[in-house]
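Chemist: Each of the two chains sits in its own frame; use the hints to bring them together as a complex.
Letter by letter, the chains look like this.
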Amino acid sequence: MSFSWARVGAIVRKELRDYRRNRFVVLTMSFLPLIFIVAPVIQLFTIKASITSARFDDRIGLSLLYMLILPAIIPSVLSAYSVVGEREQGTLEPVLTTPIHSEEFLVAKALAALLPTLAVAYVIFGIFLGAVAAFAHPAVDSAIFERNHLLVQLLFTPLVAGWSIWAGIAISTRMSDVRAAQQLAVLASLPPVAIVALMNFNVITPSLGLALGLAGALLLIDTMAWRFVAALFNRERLVTGTRS
Amino acid sequence: MTSELDGSQRRPSHDGARPDAALVVEHLTKRFGERVAYEDVSFEVGYGEVFGFLGPNGAGKTTTVRTLGTLLAPTSGSATIAGVPLSAENGAAIRARISIMPESPGLYLRLTVAENLECFAHLYELRDVRERIDRVLQAVNLTDRTNDLCGSLSKGLRQRVALARALLSDPEVLFLDEPTSGLDPVATRDVHDLLTALRERGVTIFLTTHRLEEAERLCHRVAILNTTLRLIGRPDELRAQLFSRNLEVRTRSQLDEPSRVFNGLACVEGWEQSPSGSYVLSVTDPDAAAPGVARALVGANADILSIAESHHSLEDVYLELVDEDVEARKR
Numbered sequence: 001m002s003f004s005w006a007r008v009g010a011i012v013r014k015e016l017r018d019y020r021r022n023r024f025v026v027l028t029m030s031f032l033p034l035i036f037i038v039a040p041v042i043q044l045f046t047i048k049a050s051i052t053s054a055r056f057d058d059r060i061g062l063s064l065l066y067m068l069i070l071p072a073i074i075p076s077v078l079s080a081y082s083v084v085g086e087r088e089q090g091t092l093e094p095v096l097t098t099p100i101h102s103e104e105f106l107v108a109k110a111l112a113a114l115l116p117t118l119a120v121a122y123v124i125f126g127i128f129l130g131a132v133a134a135f136a137h138p139a140v141d142s143a144i145f146e147r148n149h150l151l152v153q154l155l156f157t158p159l160v161a162g163w164s165i166w167a168g169i170a171i172s173t174r175m176s177d178v179r180a181a182q183q184l185a186v187l188a189s190l191p192p193v194a195i196v197a198l199m200n201f202n203v204i205t206p207s208l209g210l211a212l213g214l215a216g217a218l219l220l221i222d223t224m225a226w227r228f229v230a231a232l233f234n235r236e237r238l239v240t241g242t243r244s
Numbered sequence: 001m002t003s004e005l006d007g008s009q010r011r012p013s014h015d016g017a018r019p020d021a022a023l024v025v026e027h028l029t030k031r032f033g034e035r036v037a038y039e040d041v042s043f044e045v046g047y048g049e050v051f052g053f054l055g056p057n058g059a060g061k062t063t064t065v066r067t068l069g070t071l072l073a074p075t076s077g078s079a080t081i082a083g084v085p086l087s088a089e090n091g092a093a094i095r096a097r098i099s100i101m102p103e104s105p106g107l108y109l110r111l112t113v114a115e116n117l118e119c120f121a122h123l124y125e126l127r128d129v130r131e132r133i134d135r136v137l138q139a140v141n142l143t144d145r146t147n148d149l150c151g152s153l154s155k156g157l158r159q160r161v162a163l164a165r166a167l168l169s170d171p172e173v174l175f176l177d178e179p180t181s182g183l184d185p186v187a188t189r190d191v192h193d194l195l196t197a198l199r200e201r202g203v204t205i206f207l208t209t210h211r212l213e214e215a216e217r218l219c220h221r222v223a224i225l226n227t228t229l230r231l232i233g234r235p236d237e238l239r240a241q242l243f244s245r246n247l248e249v250r251t252r253s254q255l256d257e258p259s260r261v262f263n264g265l266a267c268v269e270g271w272e273q274s275p276s277g278s279y280v281l282s283v284t285d286p287d288a289a290a291p292g293v294a295r296a297l298v299g300a301n302a303d304i305l306s307i308a309e310s311h312h313s314l315e316d317v318y319l320e321l322v323d324e325d326v327e328a329r330k331r
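Which chain is which? The protein sequence lines are A and B, in order.
Counting in the numbering used here, the first sequence runs from 1 upward without gaps.
Counting in the numbering used here, the second sequence runs from 1 upward without gaps.
Just chain B, with the same shape it has in the complex (with noise of 0.2 Å):
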């Protein structure tokens, strides 16, 4: 991708200071009636920053989302969004420095992808709204169907218009709510590399998303929601909050005694063997830990495949979340 568009997206803020973040939200939570969508949520992202918020059906990504956008008014908390605070008379304020691209591109589909464009470019009351318009195109790489009407279009590259469509405004903070949804690997791909090049030129990005390895890809920092916020951190910091360090260890056999093996290791907080057959070590420090596993090893003849760190996805950390609300909600 070629493009020239300018990811240093700071702006100063609504009252002329430099805000540090790009999204300050306290306390945020959002009722329908007596149906909370999500509640007392308080989270910052930075400038330039990739922040995940991950969370299953129904968490309150979305709503979230509608709601910093200025489009649902939280029923308490507080919010500044690119430095103006959220309140009702500065939705048009907010909405001027923002873009949002829907789950669904919501393209008029009778009317080509410029004419598209030109209509969202006016209604930011752009300047240069051509050359916005060939600027977004190249960074989609949409050029060649700039005529095309977007009914005519496949769900893929509909998906790549609404994003052009969300960049027309060069915004401080782009909302990319399930940017991949539906897609095919292909066209999923292509939205990854379009994100990842946002990524490298520092637009700051909230992306909601249910695809954990999208996020892991993509994102500096994640936040798990599910109505509430459950953990919000980078995604090695939640594995570690999450999970203890451990020690995969494979063997030619299985070892006749395995419990004299790894129980008289310092090291070694507890053992466990995986339904593979390898043998998973809780440990402090993976490092220190690996040459004296190795040399108990050695001692009791065991043949030695390979001994190392066994890593979480933020899957893991996702489903041992969402898990554990599913068991509270039982209890």
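So that you can see chain A by itself, here it is in the shape it has in the complex (with noise of 0.2 Å):
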């Protein structure tokens, strides 16, 4: 039997309908996006014309980073949840004994978490800068309007994303709590952003060729990821909690 789309389809939309549902999803999608929007604003706006060369840049890379902690911090929750979390409902029994890959299941938590993390982590970065057009002072506006940053946010945002879940549902696959799999998999979706950081802060030199080079190697793991992941899941070990 092939991969199926029809399956992959199957999971999202169950997923994509359940978290519509999940007061605790739709909250923490509601307002962690609002205290992520706030803080960079209040970081902009109260920049004063005295500030220094230096101050400034630090400003305008704090300000960016808090736009990509958003797509690292949404779906490390939700993929964290994503196999322990059916295991704890018992409902993750039933779908495996229907015809569905483990590569297929897998692929579909993965979209189902990356697909409302970019509609939130697009919509947000685009609050943010209308924000900064309409109200920012003229220099912060041509800083954060500079052609690296929003390169760096936009193609940035899918890859730290893509991290983020891919390391959340090794880590689900593996636990047996869906709390300790959450906190793991917070701490699991940091180290890309610690490089976007260093680059938004300037500490490494941003760069086009820098930008891609990094892009490009999250790609390449993002893409890898999911084998690895796979080999993780052992159906035996989910259903029993023990390997023969």
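A hint or two may mislead.
What the hints assert, rightly or not - Heads up, incomplete: computed chain A residues facing chain B, CB under 8 Å, no partners named:
hint: 1; residue: Ala6
hint: 2; residue: Ala10
hint: 3; residue: Glu93
hint: 4; residue: Val95
hint: 5; residue: Thr97
What the hints assert, rightly or not - The following residues of chain A were derived to be distant from chain B, with all beta-carbon distances above 10 Å:
hint: 6; residue: Gly9
hint: 7; residue: Ile35
hint: 8; residue: Ala49
hint: 9; residue: Leu111
hint: 10; residue: Gly126
hint: 11; residue: Ala211
hint: 12; residue: Gly213
hint: 13; residue: Ala225
As the list claims (entries may be wrong) - Derived coverage of chain A by chain B (criterion: at least 3 residues anywhere in the stretch with Cβ under 8 Å from a Cβ of chain B; other residues may be distant):
hint: 14; stretch: 17 to 31
hint: 15; stretch: 78 to 91
hint: 16; stretch: 133 to 143
hint: 17; stretch: 234 to 240
Simulated from the structure, these hints should not be mistaken for lab results.
Just so we're clear, the structure is a prediction, and the values are computed from it rather than from any experiment.
Glycine is no exception: its CB is placed at the ideal position from the N, C-alpha and C atoms.
Modeler: Pasting the structure below:
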């Protein structure tokens, strides 16, 4: 039996419906972005004319970093729940008794976490850019709308989310407790954010070549990760908690 | 129930040939490290048969179902499920032909009944999803709850949704793992009615249970598992295999000398008095022995209330075997 997008679609639709009706997910998706838009806007709007160039760059970097923490945090919480949560609910076994392949299940779980994350992250970034364009000081405006900064944000949002998702799912396949899985997944989502932070703070001099190189490396990790996670996905262990 | 579900589930085997049996299990063993879940289990289940799989808690029933459902790999032995040999490569092919209803319904509680079923219909890549959902909901008498959230349903109704989900794909073999576990008597009766209807339609059912009256009522054959397969056969065969046939004699008052009455009868192999005061006679053929016993009792001036064959239940068979195992372990 070959890879079936119909089965992937079934799980994705189910997940999205489930998120919509899950108060915890709705609250996380609503309030977390609010924090991540209010904090950077305050950072930028309180910049004084007398600020030094170095401090100015830090402020710009920090505010943009907030935009990238969002696609790291949101999917890590969702993906950490994806396997262990179903296991705790008792819904994993019925799904695994259908013809679904492990790879289909994992890709579906990843997409279900990625789609709302991208939607929320890009909408929030759009609102942030709108606020900057409308109300920020012209110097701030031109710094934020600098080509490299925009590229980093647009490119790294899905890549950082991809990393968080696979790390979260990998952790979820091996843990037996949802809360522990979510805490670990949030920690595991941070390394790529740290690299981007170094770029935003000009510790690593951001250049188009460097950004593309890092993006390529993350893309490679994201596309290879599902094979690694599929290898971790052991039906026997998930169903019985033991391995013969 | 008014379902159009097709019970004649025979389909060609994996290699195109028509298999004789829905399930063929040969010397199957599953160990988790040193712990033996079940060992050297062999049996066959025919198409259209309702096969009961009995055993105490921890006997290996659920593990057997999970193995046959390709969730667990056997340690040794072989099996053919709906014509497909059990192997890691055939996992998806086997799962496409069977359905498993686990002990816990495992429904998505924030989704409606229809949404739960729709998800699973797509996982089986079924066509005419709407039509199938309507059909299975009709089969389990749940058409009026189609748009209810599963979280709002009672335990019994959730069990019915799980059964509807298991029927969606018209499986060649339907595995039901303790389908009435934890249900109240009314919900249990409802599930029994559903299973009886499926049995009448010829659906092949592999039913694990420790409710013996359930197995006796629903199953054509039963197997008793206690890590190893202890017995297999029709409930009446198992009774005959384990117990001699008995006549139970009830008299108005105690006999003065029962041994003089019963010991002299050629057809009576032995007798004992039960705690209730009746006399239980071991005989080879109750019908042939009854007239002689009656004459002997009349000759002894006994006031006969009844002479009847006493029946052992499946529960007696089960308890006899489990007790034997407990005794064997003590030794």
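Chemist: If a hint holds in the structure, say so; if it does not, say that too.
Modeler: Hints and how they fare:
1. Ala6: Hint holds; Ala6(A) Cβ to chain B Cβ min 5 Å, cut 8 Å.
2. Ala10: It holds, given that the least Cβ distance between Ala10(A) and chain B is near 3 Å, below 8 Å.
3. Glu93: holds (5 Å)
4. Val95: The hint holds - Val95(A) has a Cβ within 8 Å of chain B, the shortest such distance being about 7 Å.
5. Thr97: This hint holds: Thr97(A) lies near chain B, its Cβ roughly 4 Å from the closest one there, short of 8 Å.
6. Gly9: Non-interface label fails for Gly9(A): nearest chain B Cβ at 7 Å, not farther than 10 Å.
7. Ile35: holds (26 Å)
8. Ala49: The claim stands: Ala49(A) keeps its Cβ more than 10 Å from every Cβ of chain B (closest is about 52 Å).
9. Leu111: holds (15 Å)
10. Gly126: About 30 Å separates Gly126(A) from the closest Cβ of chain B, which puts it past 10 Å; holds.
11. Ala211: holds (39 Å)
12. Gly213: holds (39 Å)
13. Ala225: Non-interface label stands for Ala225(A): nearest chain B Cβ at 23 Å, farther than 10 Å.
14. 17 to 31: This one holds; 4 residues, not fewer than the three required, reach chain B with a Cβ under 8 Å.
15. 78 to 91: holds (count 3)
16. 133 to 143: violated (count 0)
17. 234 to 240: holds (count 4)
The earlier numbered hints that this structure contradicts are 6 and 16.
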